[in-house]
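Enquirer: In the order they appear, the protein sequences are chains A and B.
All residue numbers for the first sequence refer to the numbering used here, where the first residue is 1 and numbers rise by one.
All residue numbers for the second sequence refer to the numbering used here, where the first residue is 1 and numbers rise by one.
In case anyone wonders, no lab produced these hints; they're calculated from the structure.
Hints should not be assumed to be uniformly reliable.
Claimed, not checked - Taking lysine-lysine and the PhoX-like style, the derived pairs with C-alpha atoms no more than 25 Å apart in a straight line are: (1) A:Lys-162 with B:Lys-142; (2) B:Lys-253 with B:Lys-276; (3) B:Lys-12 with A:Lys-245; (4) B:Lys-220 with B:Lys-310; (5) B:Lys-142 with A:Lys-246; (6) B:Lys-235 with B:Lys-276; (7) B:Lys-127 with A:Lys-17; (8) B:Lys-235 with B:Lys-220; (9) B:Lys-70 with A:Lys-246; (10) B:Lys-235 with B:Lys-289; (11) B:Lys-104 with A:Lys-246; (12) B:Lys-139 with B:Lys-127; (13) B:Lys-275 with B:Lys-235; (14) B:Lys-220 with B:Lys-180; (15) B:Lys-310 with B:Lys-258; (16) B:Lys-4 with B:Lys-75; (17) B:Lys-225 with B:Lys-212; (18) A:Lys-162 with B:Lys-139; (19) B:Lys-70 with B:Lys-212; (20) B:Lys-172 with B:Lys-127; (21) A:Lys-246 with B:Lys-12; (22) A:Lys-17 with B:Lys-142; (23) B:Lys-180 with B:Lys-139; (24) B:Lys-75 with A:Lys-245; (25) B:Lys-104 with A:Lys-17; (26) B:Lys-310 with B:Lys-275; (27) B:Lys-75 with A:Lys-246; (28) B:Lys-70 with B:Lys-12; (29) A:Lys-245 with B:Lys-70.
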Amino acid sequence: MNDYLNKTYIILDRELKGYFRTPLASIFLLVFLALSSGMTFFLGRFFERDQADLTAFFSWHPWLFLVLMPAIGMRLWAEERRSGTIELLITLPVTNTQLVVGKFLASWIFTLTALFLTMPIWITVNYLGEPDNHVILISYVGSWLMAGAFLALTSCLSALTKNQVIAFIISSISGFVLIMAGFNLVLSAVRSWSPNWITETISSMSFLSHFSRIQMGVFDLSTLVFFISMIILCLWVNVQLVQVKKAD
Amino acid sequence: MSDKLINATNLKKSFDQFIAVDNIDLSVSRGEVVGFLGPNGAGKSTTMKMLTGFLEPDNGEIFINNINLKSDPLKAKEYIGYLPEGAPSYSDMIVADFLSFIGKMRGLSYNSLSNRLEEMANQINLKEMWNRPIETLSKGFKRRVGIAQALIHDPDILILDEPTDGLDPNQKHEMRNLIKRISTNKAIVISTHILEEVEAVCSRAVIIADGKLLANDTPKNLENKFLNKNTLSIKVSNKINNVVSKDIKSLIKYNDVKIQKTDMSGHTIFVSDNKKVPNLNTVLKQINKLKLDVIEANFQKVSLEEIFRKITSDNNSK
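The following block holds chain A by itself, in its conformation from the complex (with noise of 0.2 Å):
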């Protein structure tokens, strides 16, 4: 068990220290405070609210999420086949699912890295008025675990291809879907030729109703379960196609 921890643990750190290998990280960590907080203020309207809370930046994390988090995890594995060190990393002796998870994790920690740099915007807010600390704590571990269904989305999407720009666009694609699974523009599509209870699974699926519930400060075992199910889910048809696809 020890063994099985530490070399996943291996590939994390060699995975995670790679974003900071490359001017990647640091143009990601610019371009997500950029765009957070520039979504805060101006199409959030942060101060003419005159609210002491974080509505105005949690709320457009779904949709920074939908195209930044496929930019950090589309190279997770086309790369890997690009390159052709899917061959040398397959005939080590550790396990697909050691991989597939080593990787995920690298890539959920560093945009953990990213919500953390955030963190003079609680200040700001605390300073300014006085605002439920404790729905802010909820919606940055709700929107870390959005970001990591996101991201174990874009991961398993990645093993399909040797193109990271194909990697991006099916996972921003798949994402949306996922996004908009609760409204009629995905629902309307379903609804006329499956049962009922397609119609419910999918409408339960979507990522922003899930989330908008946790920025009402309302974190239920049922939201809990589904980041997590779903980053579970997702990892699992990662390891999958890994074992499939990796000769292609």
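Since the structure of chain A is provided, determine the placement of chain B on it from the hints.
Expert: The following block gives chain B in isolation, referenced to the frame of chain A:
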């Protein structure tokens, strides 16, 4: 228990309709260097990918140091060092970090990892590139990094897919010397389509084409097997003019006698007969009558290259 470090039987692998490897058996013992020969697309890389556990065979079994690769892949993979085709590596990493990553994944402890890294730097001549990103290295150094990662855990089995491909003649020579140096206590499989490489480093040659194993023997035995026993070649140090040439042809009682100038002073006499194998003693006695100085006499040798061409073209025509 078998003393074979690699023991593969009835390996078969298809991709859709295409049969890449068709019932190949291969076993390699410690101390052996097996040269895996074949034209491009013959199934060399696919076989190697199966031996290293990257691909699962459709049929057949692979035992690595008596461990079934299918039922206990993690244990079996510990014994293998593998250089995939093209020596892929993480190009953004520096050499030291990359080798250290592979070493850690191979389960080396902190102390043995630092010892092995030092050995690799010296043994594979990577010292001057140690802290350079791999993407900035020349092809030769990249290949060395690939070999170093395959050797980092000092494996019993080394599988190298075209280790000298794209290297200049000096680098090829160095790589072959390295393989020879480390081959004494390991089982090594090298794939190549360069025949001189097999002659230079391999104790056994395995020839495959269209996924089928066509020959499996020592380079020497292959040469003997394919020796052209119908043509006797006799090298003499004398000048042979037209008169002597006529005398030789009339004295030697075989159908086909050809005389070729080999250098400034010497000539070679080729004797063959499509009905019977020429007798060396008889021919020598006949030549002695003309008082010619024989330097060398043997049945005409064929190179491994000719054997390879013959075997693979025979297979194509079938």
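Enquirer: Please go over all the hints and tell whether each is borne out by the structure.
Expert: Going down the list of hints, with the structure as the test:
For the proposed pair Lys-162 (chain A) and Lys-142 (chain B), the alpha carbon gap of about 22 Å is at most 25 Å, so the pair holds. A C-alpha spacing of about 11 Å is found between Lys-253 (chain B) and Lys-276 (chain B), which places the hinted pair at or below 25 Å, so the restraint holds. Only pairs whose Cα atoms come within 25 Å are accepted, and Lys-12 (chain B) paired with Lys-245 (chain A) is accepted, the gap being roughly 19 Å. For a cut-off of 25 Å, the pair hint linking Lys-220 (chain B) to Lys-310 (chain B) stands: about 16 Å separates their Cα positions.
Straight-line distance between C-alpha atoms of Lys-142 (chain B) and Lys-246 (chain A) comes to about 23 Å, which keeps the hinted pair within the 25 Å bound. At roughly 21 Å between alpha-carbon atoms, Lys-235 (chain B) and Lys-276 (chain B) fall within 25 Å of each other, so this suggested pair holds. A threshold of 25 Å between alpha carbons decides the hint, and for Lys-127 (chain B) with Lys-17 (chain A) the separation of about 23 Å falls inside it, so the pair holds. Taken as a hint, the Lys-235 (chain B) and Lys-220 (chain B) pair is honoured in the structure, with Cα atoms around 22 Å apart against an allowance of 25 Å.
Between Lys-70 (chain B) and Lys-246 (chain A), the direct Cα distance comes to roughly 17 Å. Compliance with the 25 Å bound is thereby established for this hinted pair. Taken as a hint, the Lys-235 (chain B) and Lys-289 (chain B) pair is honoured in the structure, with Cα atoms around 16 Å apart against an allowance of 25 Å. Between Lys-104 (chain B) and Lys-246 (chain A) the CA atoms are separated by roughly 23 Å; this keeps the pair inside 25 Å, and the hint holds. A C-alpha spacing of about 16 Å is found between Lys-139 (chain B) and Lys-127 (chain B), which places the hinted pair at or below 25 Å, so the restraint holds.
The suggested pairing of Lys-275 (chain B) with Lys-235 (chain B) holds, with an alpha-carbon distance near 23 Å, which does not exceed 25 Å. Annotation: proposed proximity of Lys-220 (chain B) to Lys-180 (chain B) holds, straight-line Cα distance about 17 Å (limit 25 Å). Annotation: proposed proximity of Lys-310 (chain B) to Lys-258 (chain B) holds, straight-line Cα distance about 24 Å (limit 25 Å). Taking the CA atoms of Lys-4 (chain B) and Lys-75 (chain B), the gap is near 16 Å; set against the 25 Å cutoff, the hint holds.
Distance restraint check for Lys-225 (chain B) and Lys-212 (chain B): the Cα-Cα separation of roughly 19 Å lies within the 25 Å cut-off, and the hinted pair is therefore satisfied. The straight-line distance between the Cα atoms of Lys-162 (chain A) and Lys-139 (chain B) is roughly 23 Å, inside the 25 Å bound, and the hint therefore holds. Of the pairs offered as hints, the one joining Lys-70 (chain B) and Lys-212 (chain B) holds, with about 22 Å between alpha carbons and a cut-off of 25 Å not exceeded. Proposed proximity of Lys-172 (chain B) and Lys-127 (chain B) is supported: the alpha carbons are some 19 Å apart, at most 25 Å.
Taking the CA atoms of Lys-246 (chain A) and Lys-12 (chain B), the gap is near 18 Å; set against the 25 Å cutoff, the hint holds. Straight-line distance between C-alpha atoms of Lys-17 (chain A) and Lys-142 (chain B) comes to about 21 Å, which keeps the hinted pair within the 25 Å bound. Distance check on the hinted pair: Lys-180 (chain B) and Lys-139 (chain B) sit about 21 Å apart at the alpha-carbon level, within 25 Å; holds. Pair hint Lys-75 (chain B) plus Lys-245 (chain A) holds up; C-alpha atoms about 24 Å apart against a cutoff of 25 Å.
Between Lys-104 (chain B) and Lys-17 (chain A), the direct Cα distance comes to roughly 15 Å. Compliance with the 25 Å bound is thereby established for this hinted pair. Under the criterion of a C-alpha separation no larger than 25 Å, the hint pairing Lys-310 (chain B) with Lys-275 (chain B) is consistent with the structure, at around 22 Å. Of the pairs offered as hints, the one joining Lys-75 (chain B) and Lys-246 (chain A) holds, with about 21 Å between alpha carbons and a cut-off of 25 Å not exceeded. Pair hint Lys-70 (chain B) plus Lys-12 (chain B) holds up; C-alpha atoms about 14 Å apart against a cutoff of 25 Å.
As the CA atoms of Lys-245 (chain A) and Lys-70 (chain B) are separated by approximately 19 Å, the hinted pair is consistent with the 25 Å bound.
Of the numbered hints given earlier, the model fails none.
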